[in-house]
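Trainee: Protein sequence lines correspond, in order, to chains A and B. Remember, the working numbering sits 32 above the position in the first sequence when you count from 1. Remember, the working numbering sits 32 above the position in the second sequence when you count from 1.
No lab work stands behind these hints: they were computed from the structure. Some clues are possibly wrong.
[To be verified] With a straight-line Cα cutoff of 30 Å, these simulated DSSO-like cross-link-like pairs (lysine-lysine) come out: (1) A:K125 - B:K125; (2) A:K181 - A:K97; (3) A:K139 - B:K125.
Model, not experiment: these values are computed from the prediction.
Number of protein chains: 2
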Amino acid sequence: VPFTQQVENLSHDSLIRRAASVVTDSSSTFLSQTTLALIDSLADYAKAVHTRIALQRQYLATLGKLSPAEDDSLWKLINNQRAEVTDRLSQCKHYETTWTFAMDISKMAVEAAYVSGAEQASITIRTNIQLAQSQIDEAKKGSAEADRKLAETKADEIQRMAEYHAFLQNNDHEMHEAYLRED
Amino acid sequence: VPFTQQVENLSHDSLIRRAASVVTDSSSTFLSQTTLALIDSLADYAKAVHTRIALQRQYLATLGKLSPAEDDSLWKLINNQRAEVTDRLSQCKHYETTWTFAMDISKMAVEAAYVSGAEQASITIRTNIQLAQSQIDEAKKGSAEADRKLAETKADEIQRMAEYHAFLQNNDHEMHEAYLRED
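Can you build the whole structure from these sequences, using the hints too?
Mentor: Structural data, given as structure tokens:
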């Protein structure tokens with residue numbers, strides 16, 4: 033290492049530039065970890081919603097065909113799955129909070145690296161920010177799709193329940209008429 | 033290492049907590065480097081101002097006693113020192129910018145570490161932020177004191193120059209009277 037380079041390496045500007053690069057590196061790692069956690073939690077949430085939808089549909093398909101005991105155990109499963117969805121959603125919110133912090137720190141690291149003369153580090157972390165944003169956008173499509181299907185299922189449920197109650201009333205009416213005819 | 037601990041170490045929460053700790057470490061280093069640079073640049077600025085004050089006082093002390101060549105070279109020194117003060121001030125502003133970024137990133141790292149469950153790292157960097165702030169406050173007292181003395185010297189200069197001009201006019205008057213007496 034030439035002497036002039038050694039001297040340069042000890043200057044404030046050089047030390048600041050290096051320290052800023054290390055900040056961008058660690059912010060990138062923090063961003064990656066929080067991005068992966070948020071992607072996984074969004075996927076877990078979507079999976080939990082899909083399971084809930086499947087149980088809900090099973091309930092509608094078997095409406096009036098189950099014994100009270102079978103009906104009860106299916107309702108227990110649905111309620112457990114409803115709690116699971118709530119848990120998964122709160123986990124998503126937790127990781128979304130840390131991910132947002134990681135994004136904010138990373139965006140600030142872009143600027144800090146730039147003013148410190150660490151242009152390459154600044155460009156690298158800016159690229160990582162864009163990547164993280166597009167990965168999260170993609171993962172959120174999955175959970176939004178699950179939410180949409182759950183809303184559809186709920187609308188279906190309301191209609192089917194209305195039909196079922198109409199059917200029950202109709203049966204009562206027919207039974208009542210049969211009774212009158214027997215009279 | 034027990035098996036359960038290994039598993040724990042691979043969880044999202046654990047990886048995020050570690051990554052957040054590394055962010056606080058690197059932000060602390062960045063803060064230290066920018067703090068040292070700003071302290072040095074403030075000291076260099078104060079030194080340059082004191083040198084300018086000394087030259088200014090030398091000029092006032094020798095007013096009317098120097099040859100035009102000596103007067104000229106002293107003025108050159110004063111002008112060079114004035115330029116030096118301007119350079120040092122712009123260096124202070126440069127390091128103040130990077131230091132402010134380092135403070136902002138560090139403050140955000142305090143929060144990020146906290147929400148990530150890295151409480152100890154959060155406390156450590158908060159302490160480093162307070163230390164950096166008090167070191168800079170102290171260093172700024174030195175440069176503010178230099179500024180105050182420079183302002184005093186300028187006020188002195190205005191007074192002395194006024195006295196000197198009055199003295200010159202007086203001398204002219206006396207010379208004029210002497211001329212009249214010779215008449």
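Trainee: For which of the previously enumerated hints does the structure constitute a violation, in increasing order of number?
Mentor: 1
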